[in-house]
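S.K.: Listed here are the chains, written in short residue letters.
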Amino acid sequence: MGKIQLTQVRKSFGEVDVIPGIDLSIEDGEFVVFVGPSGCGKSTLLRLIAGLEDTSSGTIAIDGKDATHLPPAKRGLAMVFQSYALYPHMSVRKNIAFPLKMAGMSEAEQAARVERAAKVLNLTSYLDRRPGQLSGGQRQRVAIGRAIVREPSAFLFDEPLSNLDAALRVGMRQEITELHQSLKTTMIYVTHDQVEAMTMADKIVVLNAGRVEQVGSPLELYHRPQNLFVAGFIGSPKMNFIEGAEAAKHGAATIGVRPEHLDIVAGGPWQGTVGLTEHLGSDTYLKVTLDSGEGVTVRAPGEVAVRHGDRVALAPQAAKIHRFGADGKALA
Amino acid sequence: MSTQSTRLAARLMVAPSVFVLFIWMIVPLAMTLYFSFRFYRLLTPERSGWVGLTHYTWFLNSPDFWLALFNTLALVGGVLVITVILGVLIALLIDQPVKGQGMLRILVIAPFFVMPPVAASIWENLFMHPQNGLFSAIARGFGAQPILFLENYPLMSVIGIVSWEWLPFATLIFLTALQSLSSEQLEAAEMDGASPLNRFRYIILPHLTRAITVVILIQTIFLLGIFGEIFTTTQGGPGSASTTLPYMIFKQAIVAKDIGRAAAGGIIAVILANIVAYFLMRGIGRHLDN
Amino acid sequence: MARAASPRRKFLTTLAAWAVALVIFFPVLWMILTSFKTEASAVAMPPEFLSADWTFENYETVWSRSDYPRFFWNSVVISVGSTLLGLAIAIPAAWAMAFVPGKRTKDLLMWMLSTKMMPAVAVMIPLYLVFQRTGLFDTKLGLVLALMLMNLPIIIWMLYTYFKEIPGEILEAARMDGASLWNEIVYVLTPMALPGIASTMLLNIILAWNEAFWTIVLTTTKAAPLSAFIASFSAPQGLFYAKLSAASAMAILPILILGWFSQKQLVRGLTFGAVK
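Residue numbers (this note's numbering), protein chains in the order written: chain Z, 3 to 334; chain L, 2 to 291; chain E, 3 to 278.
Note that these hints are calculated values from the structure, not bench results. Virtual Cβ for every residue (Gly too), placed ideally from N, Cα, C. Among the clues, some could well be false.
[Unchecked claim] Just some of the chain Z residues that point at chain E, by a computed CB distance under 8 Å:
hint, residue
1, V18
2, P22
3, A52
4, A75
5, A80
6, F83
7, S85
8, P90
9, P101
10, G269
11, W272
Okay, chain Z solo, but in the shape it has when bound (with noise of 0.2 Å):
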């Protein structure tokens, strides 16, 4: 069981409320990611979950029993921390029954234990090693071990991935999502890389000062943004936003329109210059400075044969502009 109620929780440290007041609830067994830019209060958010910090107000209910007040340890939660935190003076082994032990649990079954967390993370043969031995992506599997062995209610991962390199953190991505498969365990996982958020996540809770920007599926928020932050946030490269007359046009006040929904094609309505290209081999960026002076960024699939100066014309595909008002919402 996971389930996990956040009941109007706010945070302020003395003056400053970094957290005015979150509604949300995380199901049993979900995959919750966490994402927003830097100062978001996404971690202050998940150490208020794990109980490091303490609620100015509001109720954190886990499994339907008010948490609020409970000490970290008695919340039935693990967490993984961003530097890993692994006791330097354990070794792997120490460091994997720490929790058992603290728990009082019996030598022989924090042994088995322990053996099985190894199997599935394949630390069988590091054992014996202290974390100072280990490379960033086995200090990582260690720390996760560390996690499972407890068999708690739920993981709490606060930006695990952030200090290992780009390769190895897409095979870590997916270590953890099949683990969350494996284990079917809720996971809140904490990142401010959108692409993490997007492979990852059941549910996604876009954070923007404190606030819930927006709460949905990966799909949903690519599809939908309910306004300009989750639009820009969402999205790799960033959505193009245009206001003005072409906006107007539309009936809105500013109009989004994805990288990869502009076309290249020949008497497009818009028409400008190419700056930068960059190619990717499957794909092509152009930045292209537009004739009304805004700039958009455009995702061709293929090689496109452009070059910086050249004028080209583009078309926004119709189904796939996002209209937004004044206040910055979507408008349906």
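Add chains L and E to chain Z, keeping to what the hints say.
M.R.: Quick look at chains L and E alone, frame taken from chain Z:
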């Protein structure tokens, strides 16, 4: 960044330290303040009473007090100047590619671990002694009269001894700081056409600023209280020529057994130390931030 | 420096550096040499660098004839005792300030350091009187207390800078793993901080061993450690040079050896981590 229960535990854990330090500071200070306005001599315990500011005016009117004040500042200032300048030079020398750097460090640091009375006694007896000291032997070797260090130059001699004790500390800190200077910075400066002197002036010296500040701060704390060296060598003499403020107060209290007067001296020392401390703390506070 | 110096330059700098180091070390060396000479050879003019008849006699005399062993033992008890007591009080405080800092933590640390700036003479008189009245005067316990209080701010500061380097996330991980505060300190913090605690201990033993104000003011003979004993050695007028040197050598040797072991940590410790 933590929960209320850990904050409460933290307060309880700091409490004993704060408590004992507070007692150690405030109780004696209050008593000293009280005694400084009282007539209180251990030799005539039956006489007592309030004397107002008499003890303070005695100090301020006593030429010995002003001499002691001057001596204290001269001692601190003299030792600081000697140790910082020599310390930087020696650190620069040892930081060069030399053979046996580890052993060099061990030799240079040694005086710092010599307890003040032993340091003073080595210098007084084995070096500065007019008949048997090594210095007098050297002087006689050149056919000159031995210099009477402790008789004719008592304060200078004490400054010399204390500088010898603290030079290793300064050197070691500067050496550590020098070794953290990236050689790329020096190479860049060399490529930019800086001469060795300019490299010292514009790269090395600014890099050492922090270390120099720290050396000055920490040495000042210890030097203001210098006592053992004077007690062992000159006993503040001849006359009061090498009496510092701490030593003068010690004489009033332990030798003359005039508690009231010594207490007033203590309060004056506290005020002076606070003036010095005010400037020091501002310096340290800045370093705490980075 | 990455570039290899020319052999000639390296030879000259090596020569200069060794010359300077030997000049600085010479007084200690001279004292040690003197301690192995006969009294006659110690005051011989011109001075004898290498004595004709080396002897251990001075050490034997000092150790057997005076109360030297007692002074030595007093030094051990006072320096180790005050350091251990100081650590016991300081470790929880440093833990709290490093890992649960409040708005006032910095001010508190500065205040603690500022007590070091208080001239010892200002608190000397009441302490002298209080010690006389309470029977702490000229006792080892009295000196343990006085030196502990004198060095407490330094102990707290050193531990604080060492603890500061332990990432707070590790302690939070322990908390998530179900460790109580006590378990957290025993299983996680202390093993990780052990090197820092050890060097704090070493440095404070050195400071306490060499202390020469309270040891002189607060003792007469019974509890006097070596620093007070040597300080009161009446001017020997050329008769006891060798024995004085032997006594001095025995007084500084243990600490010299400890100090050489701890010299890497010394800079960090004494500058409160400001210079590493």
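S.K.: All the hints need checking, so say for each whether the structure fits it.
M.R.: So, going through the hints one by one against the coordinates:
For V18 of chain Z, the interface hint is violated, the least distance from its beta-carbon to any beta-carbon of chain E being 13 Å, above 8 Å. Look at P22 of chain Z: its Cβ only gets to about 22 Å from chain E, farther than 8 Å, so that hint breaks. Proximity of A52 of chain Z to chain E holds as hinted, the smallest CB-CB distance being about 6 Å (cut-off 8 Å). With a least beta-carbon distance of about 4 Å to chain E, the hint placing A75 of chain Z at the interface is held under the 8 Å criterion.
Given the 8 Å rule on beta carbons, the hint for A80 of chain Z holds: about 7 Å separates it from the nearest Cβ of chain E. A distance limit of 8 Å between C-beta atoms decides the matter here; for F83 of chain Z the minimum to chain E is near 5 Å, and the interface restraint holds. The interface hint given for S85 of chain Z is met, as the beta carbon of that residue sits about 5 Å from the closest beta carbon of chain E, less than 8 Å. Taking 8 Å as the C-beta contact cut-off toward chain E, the hint placing P90 of chain Z at the interface holds, the least distance being around 6 Å.
Evaluation of the P101 of chain Z hint against chain E yields a held restraint, the C-beta minimum of about 4 Å falling below 8 Å. Evaluation of the G269 of chain Z hint against chain E yields a violated restraint, the C-beta minimum of about 58 Å exceeding 8 Å. With a least beta-carbon distance of about 49 Å to chain E, the hint placing W272 of chain Z at the interface is violated under the 8 Å criterion.
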